[in-house]
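Chemist: These are the residues of each chain, in order.
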Amino acid sequence: MRPHWQNCITHRDARVDEFVSDYFAQAHRRCLVVGGAGFDPRALHVPKLLQSVLGPRLSALMIREERGNPTQSLQIRADTNEADLKSLIPSCSVIKVQVFADDGAPVGGARIAAELKQFSMPADLTDIVLDMSALSIGIGFPAARLLLEYSERNPELSFHLMITSNPALDETIRSEPDDRVMSVRGYAGALPPRILPISQIWLPQLAHGRAAALTSIRASLDGVYRTCPMLPFPAENPRRADELITEFGNQLSDDWEVHEGDLIYASEHNPLDSYRTISALKRRYDEVVEEVYEPQLILSPVGSKVMAVGAMMAAIEHELPVLYVETVRYDLPSPGGGEGGPSPDRIVHVWLDGPIYGGLIAGPQSSGAEAPSAGPQAPSPDQNAPQHAA
Amino acid sequence: MTNPFLRRATEYIRDDSAFLSIVSPEPLTTFIAPHAKKGLLFDLPVRVIGTPGSGKTMMAMLAEFRLVESIMRNQHREGNRALASALAQCGFIQDGVPSTAAVRIPMESEYRDFWELPYDESVRTRLIFSLVQARSILSLFRNLTAERRRKIGDIKFILKDDGDAQLDQIGGATSEGIYERAREVEAAVYPIGSSLLPPDLSQISDRAREPYQPFEVIREIEISWIEGNRIRLKPLVILDDVHTLHPDQLGALFRILARREMRIGRWLMMRLDTLTPTAAFRSPDEAIPGMKAGRDYLDIFMQSQGTRGDERKQFRKMASDMANRYLALVKSLQGRHYTQFAPLLPEEPPQLPPGKLEELKELVDREQRALEIHPNRREKIAKIVDLYARSAKGGRGNDTGEEVRLAMQRILLHRYRKRLEGKNLSLFDTDPEPPKPLKANAGIAEGARLQLHKRFGRPVHYGFSDLCDASNENAELFLQLAGRLVARMETKAIRNLDPALTPAQQQAALATQASEMIDNWGFPYARRVRDFIDWLAAECDRRTQAGNASLGQGANAIAIEEKEMPAFLAGDSELLSVLKFAIAYGALIAVRNYGQGSTLWCLLELSGPVCLKYGLTLKRGGFIESSVDELLARYEEI
Numbered sequence: 001m002r003p004h005w006q007n008c009i010t011h012r013d014a015r016v017d018e019f020v021s022d023y024f025a026q027a028h029r030r031c032l033v034v035g036g037a038g039f040d041p042r043a044l045h046v047p048k049l050l051q052s053v054l055g056p057r058l059s060a061l062m063i064r065e066e067r068g069n070p071t072q073s074l075q076i077r078a079d080t081n082e083a084d085l086k087s088l089i090p091s092c093s094v095i096k097v098q099v100f101a102d103d104g105a106p107v108g109g110a111r112i113a114a115e116l117k118q119f120s121m122p123a124d125l126t127d128i129v130l131d132m133s134a135l136s137i138g139i140g141f142p143a144a145r146l147l148l149e150y151s152e153r154n155p156e157l158s159f160h161l162m163i164t165s166n167p168a169l170d171e172t173i174r175s176e177p178d179d180r181v182m183s184v185r186g187y188a189g190a191l192p193p194r195i196l197p198i199s200q201i202w203l204p205q206l207a208h209g210r211a212a213a214l215t216s217i218r219a220s221l222d223g224v225y226r227t228c229p230m231l232p233f234p235a236e237n238p239r240r241a242d243e244l245i246t247e248f249g250n251q252l253s254d255d256w257e258v259h260e261g262d263l264i265y266a267s268e269h270n271p272l273d274s275y276r277t278i279s280a281l282k283r284r285y286d287e288v289v290e291e292v293y294e295p296q297l298i299l300s301p302v303g304s305k306v307m308a309v310g311a312m313m314a315a316i317e318h319e320l321p322v323l324y325v326e327t328v329r330y331d332l333p334s335p336g337g338g339e340g341g342p343s344p345d346r347i348v349h350v351w352l353d354g355p356i357y358g359g360l361i362a363g364p365q366s367s368g369a370e371a372p373s374a375g376p377q378a379p380s381p382d383q384n385a386p387q388h389a390a
Numbered sequence: 001m002t003n004p005f006l007r008r009a010t011e012y013i014r015d016d017s018a019f020l021s022i023v024s025p026e027p028l029t030t031f032i033a034p035h036a037k038k039g040l041l042f043d044l045p046v047r048v049i050g051t052p053g054s055g056k057t058m059m060a061m062l063a064e065f066r067l068v069e070s071i072m073r074n075q076h077r078e079g080n081r082a083l084a085s086a087l088a089q090c091g092f093i094q095d096g097v098p099s100t101a102a103v104r105i106p107m108e109s110e111y112r113d114f115w116e117l118p119y120d121e122s123v124r125t126r127l128i129f130s131l132v133q134a135r136s137i138l139s140l141f142r143n144l145t146a147e148r149r150r151k152i153g154d155i156k157f158i159l160k161d162d163g164d165a166q167l168d169q170i171g172g173a174t175s176e177g178i179y180e181r182a183r184e185v186e187a188a189v190y191p192i193g194s195s196l197l198p199p200d201l202s203q204i205s206d207r208a209r210e211p212y213q214p215f216e217v218i219r220e221i222e223i224s225w226i227e228g229n230r231i232r233l234k235p236l237v238i239l240d241d242v243h244t245l246h247p248d249q250l251g252a253l254f255r256i257l258a259r260r261e262m263r264i265g266r267w268l269m270m271r272l273d274t275l276t277p278t279a280a281f282r283s284p285d286e287a288i289p290g291m292k293a294g295r296d297y298l299d300i301f302m303q304s305q306g307t308r309g310d311e312r313k314q315f316r317k318m319a320s321d322m323a324n325r326y327l328a329l330v331k332s333l334q335g336r337h338y339t340q341f342a343p344l345l346p347e348e349p350p351q352l353p354p355g356k357l358e359e360l361k362e363l364v365d366r367e368q369r370a371l372e373i374h375p376n377r378r379e380k381i382a383k384i385v386d387l388y389a390r391s392a393k394g395g396r397g398n399d400t401g402e403e404v405r406l407a408m409q410r411i412l413l414h415r416y417r418k419r420l421e422g423k424n425l426s427l428f429d430t431d432p433e434p435p436k437p438l439k440a441n442a443g444i445a446e447g448a449r450l451q452l453h454k455r456f457g458r459p460v461h462y463g464f465s466d467l468c469d470a471s472n473e474n475a476e477l478f479l480q481l482a483g484r485l486v487a488r489m490e491t492k493a494i495r496n497l498d499p500a501l502t503p504a505q506q507q508a509a510l511a512t513q514a515s516e517m518i519d520n521w522g523f524p525y526a527r528r529v530r531d532f533i534d535w536l537a538a539e540c541d542r543r544t545q546a547g548n549a550s551l552g553q554g555a556n557a558i559a560i561e562e563k564e565m566p567a568f569l570a571g572d573s574e575l576l577s578v579l580k581f582a583i584a585y586g587a588l589i590a591v592r593n594y595g596q597g598s599t600l601w602c603l604l605e606l607s608g609p610v611c612l613k614y615g616l617t618l619k620r621g622g623f624i625e626s627s628v629d630e631l632l633a634r635y636e637e638i
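Those protein sequence lines, which keep their order, are chains A and B. Numbering of the first sequence is given in this note's numbering, commencing with residue 1 and proceeding in unit increments. Numbering of the second sequence is given in this note's numbering, commencing with residue 1 and proceeding in unit increments.
One chain only, chain A, in its complex shape:
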């Protein structure tokens, strides 16, 4: 149990810069940043931010996801990002992970797990930052779980997640889904129930251009009692939720038979919002169907990365299965002269584990838990609380 996650420390945007400047400026901090070295324009944001404060105290393990037959422009972008990362951080290792096996099955999760197992952590490490900005679910989620477990085994270590989010950019990245529905490696969920009938609630996170993938996932599920689509609100674009409802109109009304009251709104900026919402739903559903059905919540966080991180936390905490469809290839059109130019990147920090939670991790779950006293100059939990809409 991780009671501290209910009031986990998070920062956004300028507060992240402040946090990094204060916290990582401490001379004894030695940090490893783990992130993506692919084509994604956001790959450099977090490493640059950390490097500016940590300097030589920063090392990096960057993951390059290899998928068959990428377009030439993406290949060039990825090569450029990799070269920039290496020049930015001298102690930077880049590992290449083949996402697909010889039979076309997505195996990236197993391979990143094997790579991380072999990786020797730098000496005197105090912090690990997983930058999810440029990692796919199939790689980022297993990496997060492994690093979290590593951090929990080493109480002196702190484990942070950082996400540079840009929903508008996400919408321009086109992806071709694979034809297999998989559970993310390490997120197969608790042992399937046995004698009681299974009653599933499926929580697909709606996202532009992901209808085919979500349709495949839904078709692979037997015994779905309810479908509760997750929509981003509050969001950078306040109309995004409505646009998604329009885009998924057929699925919502015909295929998935979604009732109006089943739509779940979660903040596009705050991962704790989706984490808390899913956790509350899990608790209530378990209570309602106890002894009658085997309840099962299934997550498919294919949209906004910030919301996906909240779903990932819920999946880890409650042993929920995460189903997804791996991407065979991406395409990122060259930036055109669209309306208003490119939208700004937003950055989110989640402090998942570390000595700062020393009192809470061992203690009983309590909403009124005192703020942690351990840890150097720790900021108060949930720095952006007033802005939360949850």
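Where hints are given, some of them may not hold.
[Said to hold, decoys possible] Examples of chain B residues lying across from chain A (beta carbon under 10 Å, computed):
1) P118
2) E186
3) L197
4) P199
5) S202
Keep in mind the hints are simulated off the structure, nothing from the lab. For glycine and all other residues, C-beta sits at the position ideal for the given N, C-alpha and C.
Given chain A's structure and the hints, the job is docking chain B onto it.
Modeler: Relative to chain A, chain B alone:
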């Protein structure tokens, strides 16, 4: 419930009674009941092979004991008697009681994950087989105790004669013991495959390593039945979607399942076309080493192995049954007593409005003059066409009205001129005879209709037969296309109009649905496939619309000589992957060894939805001759 046709897969139906109200028994009676070795279907391993949407999962779900019991106990319910009859024909029911206890085990991705474990192949295979067996036993319990009709204690497992020696490994002789042991094995094996970091081999628990072979020990199951009778059932395990396994993993599992000691039924449902391009192109089956089809295992193809005509006839029967069942769930039509689907798609030939007919007449006259063809010849051609029109019967044979005859005349005028090309003509012979006499036939009539469609918007795809033919013998595709038609029918019914759709309404609805489906393709290489299809359809359209309609009914395929295929399939070009997915997801159909003249061809035929979208023929045979090199060069340009 909203329009049930628009629901994509049978798995979406939430409860058993809803499922039984729409499920058709036809796949059972079409593919299982007439099997040449029906008597061995529950003794030998059986591979059930079909394309996506062909109804494999629906058939597996229908055969599950839970549903068979529900059907048997509710014989008064409409439709259940037909289902019971079909199940009886296939051997699931004998003498009015169930004779098999079938369970469906979806082979989800987690089974494939075992192949990534860092253990020896034999260990990985043993682990997955233990998990399959444990889950099959648990699923048997779940099916047999569904609706709380009996308790675990009421179930008795009948073991093989010398099974006592193996009692311990399956959990003893009692059902409670067997149930608990299955749970233990599942709990021990499942975390190994799903873990992020697999344990060292030495750390695997004893429970997972111990022998566990209920499939070899169990012979039958005895349960309580109606009025206190007890009946015996033969277990049947249906492994669904086994193609998700690694090919080597599947091979290893299949060899275990083919052991002669096993007496329970074992069926493996698979999409063979997902494994290799060779399989996608329907090359002769790659043999399973050391095994022989028919002797060691049986195959059931969810597509007829007969002629194209037989295939289409069979599918129309199945589709009609399915459509009538779905129609019964459409309230706005059911309330008005429309119970048959086919009559709502009338096939009465459409007619051009007078203005367009006049335009057509002028066009033919103009082209006659431009081609410098004597009026006498035009008259002779008109007579040839009229003679054909009087003798044409059946199918679209009735569609030989004035506009079709005129369009046929136009084609024959072009053919006449073509046949005179290069011939030395006398200056004084104003109406020379062509070297080869002109003939009118069904192909030219179809070509004429397609040209009328393109030029004048005259409907060409309408009627129940066209709907079925456009579905490529695929149940799911049929329902999607039919769904759009039903939505249109509902609109008319609600407005108190006759819901039957005119050919123009049918054509518009089908073309719109097909376009949307193509736009929504979301499988691997979908964009490449779409580009390739667009190019090929444009080429076929060009040939179809040629004045002399050299291919008669027009083209809907490109062909490569068979002798080129082995080398092409052994290659690793991206085009091969693109074609594989195009075939697997119903954008193209590979027709192997198609004989034309003295040459064997591999046809890459555009599927029904593509033909609907682009107004191409649904008939087979018109193709553009090409070669591998030409195709690769074209692909690079696309």
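Chemist: Run every hint past the structure and note whether it holds.
Modeler: We went through each hint and held it up to the structure:
| no. | hint | in the structure |
| --- | --- | --- |
| 1 | P118 | 8 Å, holds |
| 2 | E186 | 7 Å, holds |
| 3 | L197 | 6 Å, holds |
| 4 | P199 | 12 Å, violated |
| 5 | S202 | 17 Å, violated |
Checked against the numbered hints given earlier, the structure breaks hints 4 and 5 and satisfies all the rest.
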